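**Q** Protein chains in written order, with our numbering: chain A, 11 to 209; chain B, -10 to 128.
To be clear, the hints were calculated from the coordinates, so they are not data collected in a lab.
A portion of the hints provided could be inaccurate.
Said to hold, decoys possible - To be clear about the criterion: a stretch of chain B counts as covered by chain A if any three or more of its residues have a C-beta under 8 angstroms from a C-beta of chain A, and this derived list gives those stretches:
{"#": "1", "segment": "20 to 26"}
{"#": "2", "segment": "31 to 44"}
{"#": "3", "segment": "74 to 81"}
{"#": "4", "segment": "90 to 101"}
Given the structure is predicted, the values throughout are model-derived calculations rather than measurements.
Just so it is clear, CB atoms sit at the ideal spot from N, CA and C, and this is done for glycine as well.
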Amino acid sequence: MPQSEPRKVALIANCLLNQNAKVCEGAHYRGVVTPVVEALRNRGYLLQQLPCPELAFAGVRRRWAVYEQYDTPAYRDHCRRLAQAVAPLIEGYLRRGDEVILIGLDGSPSTGVRFTSSRPDWGGRPNRPEDDWEVVRGRGIWIEELEAELARRGLPPLPATGWALDMGRLDEAASRAELEEFLDSRTGTAGSRGGEPAS
Amino acid sequence: MSGDARGWRIALIPDTVLNPQQQSAGSLPDVLCVLEANGYGVLQLPSAGAHRLLLAVIADQVAEYAHHGYAVVAIGLRGPSENGLHWRRLVPLLRRRGVVPPVRHFIRPHRDVEGESRRLSAFLADYDLPQEEQRRWRV
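I would like the entire structure built from these sequences, with the hints used as guidance.
**A** Printed below as a string of structure tokens:
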């Protein structure tokens, strides 16, 4: 069977297709995050939804948390199991020469790509908004474990960015412009099997 | 939940429906647009293949939603024996988690696409949990 044309595939954070996965009081949309999906589909990307690690671990009625609270051996084990579940799909795309990118959720303790949330002293009863978290550079725990699993399989780092949903106030227009700039910078790279990871 | 926009309704959809291949794209409604318009979130099922671990992960998520006041439906394709829903494997996984399999709606490819789109939209708009269940959870 002849190899078909390389495709463009976007791995996207679970809640970008399903805002019901967000923490209590964290959903900005009813279901689909339309601007992200539109930007990807308009550029011919296939969508591959990633599992939501927090939902499966702490449930749909969980409260918000920061990186340090999720940084436990049990949660990392859980994320590794999820990564092992989804990695064969990703490996399949890469092995056939598809361009694969990752769109996470900046500011998220789990799915952050460029930024995650931090407050080492958080604990006990949440007291929002007084207990505001800090946004710091770095991956969320789920993204760290997913990337580690892909590396274990000898796969290249994925070009990645994040939709700024968990950065505090959401500026949808600015987030969309940033996402589109990232996507347009990748025009014509299908079949490259990776590329430079975003900083 | 104050200031929270979630729609409390979720659709399980096959990969082939979320990402229709070029040759079948014209024969199917744009399901994602219809789901968006009706305020549904999406849980994507994997493409054909084994995916044992991934289906278990998806069943865990469906169980979590079903046990906490969310309405979950499944959208399949009428015709081929494998309609993309992995139903034979997914249903036992759901039952083991104490979940009644979601109500299914089937799209008929190659029919009147506009008509299929309206039929899907009507199904989605009408479907939800009983009022009593909604009041219990959606505060």
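**Q** Now tell me if each hint is right for this structure.
**A** Here's how the hints hold up against the structure:
1. With a cut-off of 8 angstroms between beta carbons, the segment 20 to 26 of chain B has 3 residues touching chain A; three or more are needed, and the interface restraint holds.
2. Given a C-beta distance limit of less than 8 angstroms, the hint that chain A covers the segment 31 to 44 of chain B holds, as 8 residues qualify and 3 suffice.
3. With 0 residues carrying a beta carbon less than 8 angstroms from a beta carbon of chain A, the segment 74 to 81 of chain B misses the three-residue requirement, and the given coverage is violated.
4. Check result for the segment 90 to 101 of chain B against chain A: violated, 0 residues qualifying (beta carbon to beta carbon below 8 angstroms, three or more required).
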